[in-house]
Structure formats: C-alpha cells, structure tokens
Amino acid sequence: KGTICKLHIYWKLHKPIKKHQINSRPIVSNICKGIPYFTSHVSNFVHQQLKDLVNKQPTILTNYSELILNLEKLKRKKSDNLFIVTADVVALYPSIPLGNGLTALNWFLDTHTNFDKKQKEFLLDCTRFVLTNNFVSSDEYKSDKVFIQIKGTAMGTILSVIYANIYMIWIEYQIVIQFAQFILLYKRLLDDILIIWCGPPLELARFKIAMINKGKDETQYKTKKESNNIAFTWNDNIVDVNTSVPFTYLNLSIKIENDEKRIYIEPYAKPVRAYSYLPFHSMHPPAVFKGWIKAELFRYLSACSTLDIWERETALFFERLSARGYPANFLAQIFNTVCFEDRESRLQHKPDKIAKLRKFQENRGIFLTLTYNPSALKELPKRTLQRFKNISSLQHIQHEIPDRLQIIFRSSSNLDAIIKHNPNAHTTLAPTP
Numbered sequence: 346k347g348t349i350c351k352l353h354i355y356w357k358l359h360k361p362i363k364k365h366q367i368n369s370r371p372i373v374s375n376i377c378k379g380i381p382y383f384t385s386h387v388s389n390f391v392h393q394q395l396k397d398l399v400n401k402q403p404t405i406l407t408n409y410s411e412l413i414l415n416l417e418k419l420k421r422k423k424s425d426n427l428f429i430v431t432a433d434v435v436a437l438y439p440s441i442p443l444g445n446g447l448t449a450l451n452w453f454l455d456t457h458t459n460f461d462k463k464q465k466e467f468l469l470d471c472t473r474f475v476l477t478n479n480f481v482s483s484d485e486y487k488s489d490k491v492f493i494q495i496k497g498t499a500m501g502t503i504l505s506v507i508y509a510n511i512y513m514i515w516i517e518y519q520i521v522i523q524f525a526q527f528i529l530l531y532k533r534l535l536d537d538i539l540i541i542w543c544g545p546p547l548e549l550a551r552f553k554i555a556m557i558n559k560g561k562d563e564t565q566y567k568t569k570k571e572s573n574n575i576a577f578t579w580n581d582n583i584v585d586v587n588t589s590v591p592f593t594y595l596n597l598s599i600k601i602e603n604d605e606k607r608i609y610i611e612p613y614a615k616p617v618r619a620y621s622y623l624p625f626h627s628m629h630p631p632a633v634f635k636g637w638i639k640a641e642l643f644r645y646l647s648a649c650s651t652l653d654i655w656e657r658e659t660a661l662f663f664e665r666l667s668a669r670g671y672p673a674n675f676l677a678q679i680f681n682t683v684c685f686e687d688r689e690s691r692l693q694h695k696p697d698k699i700a701k702l703r704k705f706q707e708n709r710g711i712f713l714t715l716t717y718n719p720s721a722l723k724e725l726p727k728r729t730l731q732r733f734k735n736i737s738s739l740q741h742i743q744h745e746i747p748d749r750l751q752i753i754f755r756s757s758s759n760l761d762a763i764i765k766h767n768p769n770a771h772t773t774l775a776p777t778p
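Going by this note's numbering, the sequence shown opens with residue 346, and the numbers climb by one from there.
Don't read these hints as lab results, they were simulated from the structure. Remember, it's a predicted structure, so these values are computed and weren't measured experimentally.
Have a look at the derived ranges for each label pair, beta carbon to beta carbon:
id	residue 1	residue 2	range
1	600	469	44 to 52 Å
2	364	555	31 to 39 Å
3	364	553	25 to 33 Å
4	557	615	22 to 30 Å
5	415	579	14 to 22 Å
6	577	635	37 to 45 Å
7	496	651	45 to 53 Å
8	356	411	31 to 39 Å
9	578	364	12 to 20 Å
10	559	663	41 to 49 Å
11	407	653	26 to 34 Å
Glycine included, each C-beta is placed from N, C-alpha and C at the ideal position.
Could you put together the complete structure from these sequences and hints?
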C-alpha cells in the first residue's frame, strides 16, 4: 500500500526579497502518516546499492570532521599564493535534467562499479522509474488535484542525494584530474564546493569554464522540453605571502596564516541565527537535554583548532544555555565530560558498525517505550522493573525472556503536531488574564 507525497512550502524569510517575492523551497515527504510513497522501496534499493561506492570517491565529503583533517594536514610552501574558492551549485536538484542525470549514472556504473550488464540496466530502469513517477498533492488545495514533477530530481526520495552526487562526480571527475597540478584540495558536500588553488588566475578561470560547460553536454537521453544548464556562484579569496583573510565554508570559519603555515578553524554561525535552544523546562526526557548538549560540545570540539578558540566558544555556549534557563550545576556536569585534549582522537574516530552491532546483540533485551510524563517518572519505571523481575523469575518461562528490560521514553506530542494530525479539530483558547 502506498500514498501520495505531500508538498509543503518552507519560506526563506532570512533571505532578501527579489522582485517583490519571498524566497521559498518546496519540501516533499515520501512518508505520509507512516505510509511510504509507492516508489520509496525502489528508491531505497538503488540508494543502498550505490551509497558506499559514492561516498568513497575522493572529492566527496561525508562529514565535516573529514574536511578539518584534510585542512590541518594540508602541505604547502610558505611562498605559495593561494586562491581559496568556494562555490555553490544553484538549485542543484531542479537543475539536473533527466537526460544528463541518467547519462551520469550510466557513466558511474561503467567506471566505478563491478555490476554486470543486466544489473546496470536494472538500476538505470529503477532510477528512471523513481524520477518520472513523483506525484504530489497539497493541503492548500481543497480539491483532489494531484501533480506530477516533470523537472529535475524527484523531491523527497532517499535516492535524490546519491543521484545528485553522481551527477556532480560526472561533471567534476575529469576536470579535477586535468587541473590536478594546481589543486591543493578539492572537496564537495553535495552542492557546496571548496577548492584551495595554487596556480595562475587564468588557469582557475579555465577550470570554472570547464565545469560550466560540462553541465551543458548533449546526451543520449536529452528531451526537447529541458534546457541542460547548471549554474555556479563562485567566491574567490586570495591568500598571498603578506595577508590572510578568513573565509567561510559550511559552518566553519577558516583562516590560513602564510607566515606560520598554519590553518585556524572556528565555528561559524549566520548573523540571523537566534540560538533559540530547547528551553530547560520543556517537557522532554532528561536524557534529551544531556544528549543534544554533549553532541553540540563535540561539534565545537572538532571545529575549534586551538585551545583559546575552544575556551571562547564553549564559554559563549554556556552563557546562551544559561539564558534559556539551564542551571549552572546541570551544565557543569555535562561540560566537564568533554575536554580539548580529546580533540585529535575525536577527529580520527571512525564508528565501527560491526562492533556496534555486536554490542547491541550482547545487550539484547526487551524494550518498553513509554510516553514521557514528569509526574509519573519516579514511580512508573520502578514499578515496571519490579513486575518484569517477578515475571522473568518464573521457572517455566525464564529461558524465553531476556534478563534485561530497557525503558525508552518518547516525547509527548506538542500542540503543533496535534493540530497537524487533526486539521478538523476546533481549539478554543482561554483569554489571557
């Protein structure tokens, strides 16, 4: 059983208005009320077949710890004049014509995989099926109108990220090899590109032209209705032997000091960021607060290249949390678990999926999921655990029940979720005294 995708509009209020129009982004979910879209399983199959092959390509960034390691290990001469180039692919998903995209996928299957002919044809057919059968509806229309996406990558499907990455690999692969003598670093996170260029400006201009022209190639799958155009926005920063200017890439601010041959990295936040963290008195399980704060501290740990930067950023983080109602003693317990000396091991750490699975199997037990309720938090788990012990101690069923019970709390539904799932519900608000 499948369902039609729902279309939602995300308004980009932080961006300047152009031609009296507010910028927006259409968001499509391939899961509606727990029911997947009818191409979801096919899309997930292709994604699983290709994701590891795509993520191991040398130009691909899978996480920003990898970028930081690449930057800090960068080898260059003190006399090098560098061009730090950041680029963004304009509207990548809508800009991939079906013809170019399938040509790129066919090329990738031929050159980067060991699939046989029938397997390649099957993956191409599956991808075409997903891309050409993206039907959406919208709650804004009272009628039962259903729309089909006719341009670009299918929105909302899991395959779209791998498909877009393959398209970009197809564009950049030969060009990066051609200009390799001038490239100290080339990395890309989907549509965000970082290039550290050590070569003449004229060769850099040729590199950019080659990237643009590759996106205009004629293909065997070309259709008359599509225009094969892909556009880039380029930002060049010059680092000469006397000056260095920080530049931003993703959520990092990066500064290359030529006199010291060192790279300084620190977190970057857009000016519009409000730091509206989850309030401390919000009705969430305690583990939620500890978990997200520690995860944010680990992010700061990776993004701060020196102890001074780390101390400054964590002090600001502590102040912002205090302003949101977090007690100082609660924060101190969490902050004390993360120290700057752990940075190198944190950056080098790679999760061991096999070890993680083995640990899960060794600690296998019964999982009981409860909706979080602060008033029942103290007594309910104790009573539940006691009853579980009483049941598991019965001799005739003792060997069939695991000896471990894990209680998991899920957050209660908030008002926004209740209204969305009950659009016909009438809510009366009491007057404010």
